[in-house]
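FYI, the numbering for the first sequence is 1 to 806, going by the numbering used here.
Derived by calculation from the structure, the hints in this document are not laboratory data.
Just so it is clear, the structure is predicted and the values come from calculations on it, not from any experiment.
Take these hints with a grain of salt, some might be off.
Claimed, not checked - Label-pair restraints from in silico Cβ distances:
(1) Gly303 to Asp193: 26 to 32 Å
(2) Lys262 to Glu543: 47 to 53 Å
(3) Arg413 to Gln126: 45 to 51 Å
(4) Glu772 to Lys515: 50 to 56 Å
(5) Thr299 to Lys94: 27 to 33 Å
Stated by the list, open to error - In silico DSS-like cross-links for lysine-lysine, where the CA-CA straight-line distance does not exceed 25 Å:
(6) Lys561 to Lys129
(7) Lys530 to Lys571
(8) Lys547 to Lys129
(9) Lys118 to Lys96
(10) Lys656 to Lys582
Each residue gets a CB set at the ideal place from its N, CA and C atoms; glycine is no exception.
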Amino acid sequence: MELPKQYDSEEAEKRWQAFWEKENVYAFDPDAKAEIFSVDTPPPTVSGKMHLGHALSYAQQDFMVRFQRMLGKNVFFPFGTDDNGLATERLIEKLKNVKSKSMERKAFVKLCLDTLEKELRPTYIQDWKRIGMSCDFSLYYSTINEHCQRISQRSFIQLYKAGREYRKEAPVMWCPECQTGISQVECQDKELDSHFNDIVFKVDNKDLIIATTRPELLPACVAVFYHPDDKRYQKYKGKKANVPLFDFEVPILPDERADPEKGTGIAMCCTFGDQTDMEWQKAHNLPIKSALTHDGRMTGIAGKYEGLPLKKARKEIINELKEKGLLVSQKPIKHSVNVHERCGTEIEFIHSKQWFIKYLDLKEEMLKWGEKLNWYPKHMRVRYDHWAKGLQWDWLISRQRYFGVPFPVWYCRKCDEPVLADEKQLPVDPLKDAPPIKKCPKCGHDEFIPEKDVLDTWATSSLTPFLAIELVKDKALQKKLFPMSLRPQAHDIITFWLFNTVVKSQLHHKTNPWKDVAISGFVLDPHGKKMSKSKGNVIEPQEVTRKFSADALRFWAAGSKLGEDMPYQEKDVLTGKKFITKLWNASKFAFMHLADYKGEKPKKLEIVDRWMLSGLGDIIREATESFKVYEFSRTKAETENFFWHLFCDNYLEIVKDRLYNPEKRGREAKLSAQYTLYHSLLAILKLLAPILPYITEEIYHSYYAGKEKAKSIHVSAWPQPFKSDEDAEAAGNLVVYAVEAARRAKSEKNVSLKTPLKSLSLRGKIPKEEFEAVKEDILAATQAEKISYKQLDGKSEADFEHDLEI
RNA sequence: GGGCCUGUGGUCUAGUGGCUAUGACACCGCCUCGACACGGCGGAGAUCACCAGUUCGAACCUGGUCAGGCCCACCA
Numbered sequence: 001m002e003l004p005k006q007y008d009s010e011e012a013e014k015r016w017q018a019f020w021e022k023e024n025v026y027a028f029d030p031d032a033k034a035e036i037f038s039v040d041t042p043p044p045t046v047s048g049k050m051h052l053g054h055a056l057s058y059a060q061q062d063f064m065v066r067f068q069r070m071l072g073k074n075v076f077f078p079f080g081t082d083d084n085g086l087a088t089e090r091l092i093e094k095l096k097n098v099k100s101k102s103m104e105r106k107a108f109v110k111l112c113l114d115t116l117e118k119e120l121r122p123t124y125i126q127d128w129k130r131i132g133m134s135c136d137f138s139l140y141y142s143t144i145n146e147h148c149q150r151i152s153q154r155s156f157i158q159l160y161k162a163g164r165e166y167r168k169e170a171p172v173m174w175c176p177e178c179q180t181g182i183s184q185v186e187c188q189d190k191e192l193d194s195h196f197n198d199i200v201f202k203v204d205n206k207d208l209i210i211a212t213t214r215p216e217l218l219p220a221c222v223a224v225f226y227h228p229d230d231k232r233y234q235k236y237k238g239k240k241a242n243v244p245l246f247d248f249e250v251p252i253l254p255d256e257r258a259d260p261e262k263g264t265g266i267a268m269c270c271t272f273g274d275q276t277d278m279e280w281q282k283a284h285n286l287p288i289k290s291a292l293t294h295d296g297r298m299t300g301i302a303g304k305y306e307g308l309p310l311k312k313a314r315k316e317i318i319n320e321l322k323e324k325g326l327l328v329s330q331k332p333i334k335h336s337v338n339v340h341e342r343c344g345t346e347i348e349f350i351h352s353k354q355w356f357i358k359y360l361d362l363k364e365e366m367l368k369w370g371e372k373l374n375w376y377p378k379h380m381r382v383r384y385d386h387w388a389k390g391l392q393w394d395w396l397i398s399r400q401r402y403f404g405v406p407f408p409v410w411y412c413r414k415c416d417e418p419v420l421a422d423e424k425q426l427p428v429d430p431l432k433d434a435p436p437i438k439k440c441p442k443c444g445h446d447e448f449i450p451e452k453d454v455l456d457t458w459a460t461s462s463l464t465p466f467l468a469i470e471l472v473k474d475k476a477l478q479k480k481l482f483p484m485s486l487r488p489q490a491h492d493i494i495t496f497w498l499f500n501t502v503v504k505s506q507l508h509h510k511t512n513p514w515k516d517v518a519i520s521g522f523v524l525d526p527h528g529k530k531m532s533k534s535k536g537n538v539i540e541p542q543e544v545t546r547k548f549s550a551d552a553l554r555f556w557a558a559g560s561k562l563g564e565d566m567p568y569q570e571k572d573v574l575t576g577k578k579f580i581t582k583l584w585n586a587s588k589f590a591f592m593h594l595a596d597y598k599g600e601k602p603k604k605l606e607i608v609d610r611w612m613l614s615g616l617g618d619i620i621r622e623a624t625e626s627f628k629v630y631e632f633s634r635t636k637a638e639t640e641n642f643f644w645h646l647f648c649d650n651y652l653e654i655v656k657d658r659l660y661n662p663e664k665r666g667r668e669a670k671l672s673a674q675y676t677l678y679h680s681l682l683a684i685l686k687l688l689a690p691i692l693p694y695i696t697e698e699i700y701h702s703y704y705a706g707k708e709k710a711k712s713i714h715v716s717a718w719p720q721p722f723k724s725d726e727d728a729e730a731a732g733n734l735v736v737y738a739v740e741a742a743r744r745a746k747s748e749k750n751v752s753l754k755t756p757l758k759s760l761s762l763r764g765k766i767p768k769e770e771f772e773a774v775k776e777d778i779l780a781a782t783q784a785e786k787i788s789y790k791q792l793d794g795k796s797e798a799d800f801e802h803d804l805e806i
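Start from the sequences and build out the full structure, keeping to the hints where you can.
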């Protein structure tokens, strides 16, 4: 069979994608006996479009999974979308031009669900299919669907019963813009301009200057602190300071957390300006004064400033201090503050009632859990360890938002006792559904108030192994799928997703959720800078695919190692495209010469053919070892190099004579070449199949499919290495040496490669008989008219020598 | 402030103790040779960031310096 002259990647990729879906090529087989390889695929957040970072990370996962499938494992590779939570809320608000807080919760949730279902998800998932993800897309979950709500709520109930969850009135990190509590992991640093304001407090009517960046918190001031060793301030011990403008007294106390070097060395404590304020409040049992409302305005304690937004209040309070001569100086500073990662708003600490998962007591265990995982690359574990060590808060899991998994909880109207849903009634929405009992077990009251908060989105997405596994109904099979084999993901969410998934799995099952974790890197712009919309250096994968094909994009993605960030260079994708063309053309050549090949094995293989198979065997061995430890970039680089330079440039050139001229070289010599061509090209295609699924499938089907058993190259067996053949390697190397010498000489003379050599004399270490066996191949490949050979003795430094004449 | 990673021809990159340091792109010269000009052949181009050490031998190991990136902490 002959291949068309050109490969139309766009048409072919669409065709194969449809074929894989129709034939269920990647379907998980619940009945198969083979070893299971289960993957905890990252569910991308539905945000409209896949970006290039996704393309890199998901392509890399797919290489690893496709390899495992070809090893013969029963692959469980589900696909989910993470479409619950604030990210989706904000997207819908933008798309539909609405404000969730000014809508009925029910109406807003419906709008989100409808928009996801009809507009976003179908095209979004298509982006993943397009880059060739070999997921079983029938194993699909959406983190907001009933299946996931049920599992998420069940997790809440179980952890509550296990004593791991509590509800408490406490200061929490709060986003005044999104008006919800948030957890440590959702904070980000941001450099902002601010001022150090030196403000006059009065002690016994004398001035005490205190520096602060947050004068608007003066009404919430509860104490003033100095360092116990600070001689300047020791005299104030036991005295009280009068707070300017608001005219009330607070104690002056010593505490080691006060830094003598900072500001004036004496600090005011307001409940709550920052983390230290909270520690002080606790340590010295100070009163709590709330200065801010949930939407970031001043409370009643601010007197005439009540109701003003924080920033405005700050400005006006500074003005009043100035007018009254209570502001000694104002220094501009730059400092980093915590902002909410979703909206960039400065975080406040606000006192409110929230649900937490208790886990600060587990820090030691957390480190052990991390140690038990196989990290690829190893050093990524450090990020996990740091995070665990640096935890300061229990996990705040309640969010005062609309679009999320509801808490399966009601409270007794009289005594506030929480009443949890029955596992059988899940999923529940307390706003619609009734609690499972009629009377409060504690006080006997019969009225209940539904919890209207929703769960943190990570409280659900940290359950992805179960969200995926429970798509399979057979309980025995579920057990076999867990712990999962592999968690692939990018390094930015180690502290979010990876960490929380480990925690949940350990809390529920006392075991890690997976054996291996593979962390991929980030895509940077061509100069190594982060891609961002504001810099205008964003590249869209859809555009790359359109221009160069999905295979070319994957070729690029296979160029970086796990964990390694990679600058995006269009030329690398172009190289991929050229590689695909080369593969096409070489296959076209091979099939032209294999048209009359019936699959028979020659009685004896020519040395050059043995050399080819032996060399390919080495590559197969190396590629297999690399792939097993997820080093697909090595496999790719080695196979690429072998295919292009050894297979195409040398081997194909050398065997042309035998293939084209059987009358001159003999039927057996041709058959030997055909046999070698058939098997080596097939092996090369298989080595490349995980990386370039489309072109390899196209080539496989145009010739091999009818002869080999597999319905797709992607479910065919990974190639077995051919056996090493050192004698053939030595002789083959002589042929390559001769060919290269002839080429160099002709190139230096600026003559065509088909120009004959008048004579060629070779010397090498192999015996004369072996030279005789490759003589015809050398003659044909170099176009030499005369050839001679002499064996070098063992002491000679060079392996080969030559003289030639053109 | 702490930690992790990286630093190889113009650009991107392979290479973790031992031949003249890999490949791609770009560059120069040649070649329409019965798969491929998205090609082939050849060429030029690297004090492997810097300094010191270990070693018979270092791009690779150790220590330090500098530069870049990321993560975390601080954030009165």
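Hints, verified against the model:
no.	hint	result
1	Gly303 to Asp193: 26 to 32 Å	holds (28 Å)
2	Lys262 to Glu543: 47 to 53 Å	holds (50 Å)
3	Arg413 to Gln126: 45 to 51 Å	holds (49 Å)
4	Glu772 to Lys515: 50 to 56 Å	holds (55 Å)
5	Thr299 to Lys94: 27 to 33 Å	holds (31 Å)
6	Lys561 to Lys129	holds (23 Å)
7	Lys530 to Lys571	holds (19 Å)
8	Lys547 to Lys129	holds (17 Å)
9	Lys118 to Lys96	holds (14 Å)
10	Lys656 to Lys582	holds (17 Å)
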